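**Student:** With the hints as constraints, model all of the structure from the sequences given.
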Amino acid sequence: MNGPTVSCTKCNSPVPPDFFQRTDLAPCPACEAALQVEVFPALFKPIAVGKFGETILVDGEASCFYHPQKRATIPCAGCGRFLCAVCDVELNNQHLCPACLETGRQKGKLPQLENKRMLFDSAALSLALLPLLMWPLTLMTAPAAIIVAIYSWRKPSSILPRTRIRAYLAILIAALQMAGWGLLFVGVFSNAFEP
Amino acid sequence: MPREPKLYRRLPGRGTSIAHYVRLYQGPDHLLQVSSTGYSELYKRFYFRDIQAITIRKTHWANLWTILFAVLILGFFLVGFDLTGAGRIVLWSIAGFFLACIVLHLGLGPACVCHIRTAVQLERLPTLRRVKAARKAINRIKPFIAEAQGQLSAEELMQRMQPGRASSFERVAPTPVQESTDAPPVIAPDANRPAANA
Chain E
993 MNGPTVSCTK
1003 CNSPVPPDFF
1013 QRTDLAPCPA
1023 CEAALQVEVF
1033 PALFKPIAVG
1043 KFGETILVDG
1053 EASCFYHPQK
1063 RATIPCAGCG
1073 RFLCAVCDVE
1083 LNNQHLCPAC
1093 LETGRQKGKL
1103 PQLENKRMLF
1113 DSAALSLALL
1123 PLLMWPLTLM
1133 TAPAAIIVAI
1143 YSWRKPSSIL
1153 PRTRIRAYLA
1163 ILIAALQMAG
1173 WGLLFVGVFS
1183 NAFEP
Chain C
179 MPREPKLYRR
189 LPGRGTSIAH
199 YVRLYQGPDH
209 LLQVSSTGYS
219 ELYKRFYFRD
229 IQAITIRKTH
239 WANLWTILFA
249 VLILGFFLVG
259 FDLTGAGRIV
269 LWSIAGFFLA
279 CIVLHLGLGP
289 ACVCHIRTAV
299 QLERLPTLRR
309 VKAARKAINR
319 IKPFIAEAQG
329 QLSAEELMQR
339 MQPGRASSFE
349 RVAPTPVQES
359 TDAPPVIAPD
369 ANRPAANA
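Which chain is which? The protein sequence lines are E and C, in order.
Residues 993 to 1187, numbered by this note's numbering, are exactly what the first sequence covers, in order.
Residues 179 to 376, numbered by this note's numbering, are exactly what the second sequence covers, in order.
These are computed hints drawn from the structure, not numbers from a lab.
Accuracy of the hints is not assured; some may be wrong.
Here are the computed lysine to aspartate or glutamate pairs in the EDC-like style, where the Cα-Cα straight-line distance is at most 20 Å [as the list claims (entries may be wrong)]:
1. K236/C with D1016/E
2. K1037/E with D260/C
3. K1099/E with E1082/E
4. K1037/E with E333/C
5. K320/C with D1016/E
6. K1002/E with E1024/E
7. K1101/E with E1082/E
8. K236/C with E301/C
9. K310/C with E1082/E
Please read all numbers here as calculations on a predicted model, not as lab measurements.
**Tutor:** Spelled out as structure tokens, the structure:
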């Protein structure tokens, strides 16, 4: 049986091992596509064998909360329930049960598992700026921009470093629009009620 | 107030499409691919300990752009040649703009497609579209991968690729899980223990 291989990403044929040490592009023997392959030790590492829970043999042994027939090996760091080897999920040196893992993911308490975030500050800024192209809309969108900016104040923003400048700008621009509308209404009504 | 240390550092290259743009970041123990629409971000993580290989394949789409820019430069230059005054200045300015584009385009170097391979996936990295940027990004993350996985010398690498040694890399089949809890425990054969008849 052959060892681990890396395939050409064009023709899918295995790339010969002498490619792995090259620091320049070389043609694939099968399709002639210019390739450079960087290989790392993980390629040669076998996939770890999955764990399975040990069955309880003696009465009185602590059992898994989810599998009463399996021996408990560790308590969950989140809820303290006893877990067998099957239910124990290790994440950043923490041992969690699947329920705590799911709850943590849903509530955003485990940033390592987050795969999506909304950028409410950008939405607020767009809500403040874009309707200026059709300015009468700002009567409705300016308060909405302020509400979105305030609502998102304590919400987690991007995982990447990001300042609050967009939220500040959204509030400032929307406040100016509302002030403009206020002045307009005051002007219109004061003229309307003048004798 | 002390500034928080930067968790993510941006790697060279960028990928764009109609709906979103993609960036690649180097994290403490993983690569983070961020696809952003401007209002939401999608994250994909590639942990350094899991990366098996990164491939760069040169492509030829950059040549098409070079040809397109050259045709546009030539076209605007020649049409402007027949005109005088403001018309000529406008057309030659447009030709100059495309000249700047072609210079920038050639400066970025040849185009490529970059893939990252782990034990369970082969993912394209849309941000690494130029060979120069791809090599730069790989050189930036290499020390982190080496820290997470260790390093292989050229001899070790060749030795491990030998078909004769292949059996040591064969993936170990998971031991079947016992379905019945009433069945007596089965002692798994220990690979390290010498055989009884040895």
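**Student:** Hint by hint, note whether the structure agrees.
**Tutor:** Against the structure, the hints come out as follows:
Restraint check for K236/C and D1016/E: the C-alpha separation of about 11 Å stays at or below 20 Å, so the hint holds. At roughly 68 Å between alpha-carbon atoms, K1037/E and D260/C are farther apart than 20 Å, so this suggested pair is violated. This hinted pair checks out: K1099/E and E1082/E have alpha carbons roughly 18 Å apart, not beyond 20 Å. For a cut-off of 20 Å, the pair hint linking K1037/E to E333/C stands: about 17 Å separates their Cα positions.
With a C-alpha separation of about 16 Å, the suggested pair K320/C and D1016/E falls inside the 20 Å cut-off, and the hint holds. Among the hinted pairs, K1002/E with E1024/E is consistent with the structure: their alpha-carbon atoms are about 10 Å apart, no more than 20 Å. For the hint linking K1101/E to E1082/E, the alpha-carbon distance of about 15 Å falls within 20 Å, and the restraint holds. Of the pairs offered as hints, the one joining K236/C and E301/C holds, with about 16 Å between alpha carbons and a cut-off of 20 Å not exceeded.
About 38 Å separates the Cα atoms of K310/C and E1082/E, which puts this hinted pair outside 20 Å; it is violated.
Consistency note: the structure conflicts with the earlier hints numbered 2 and 9.
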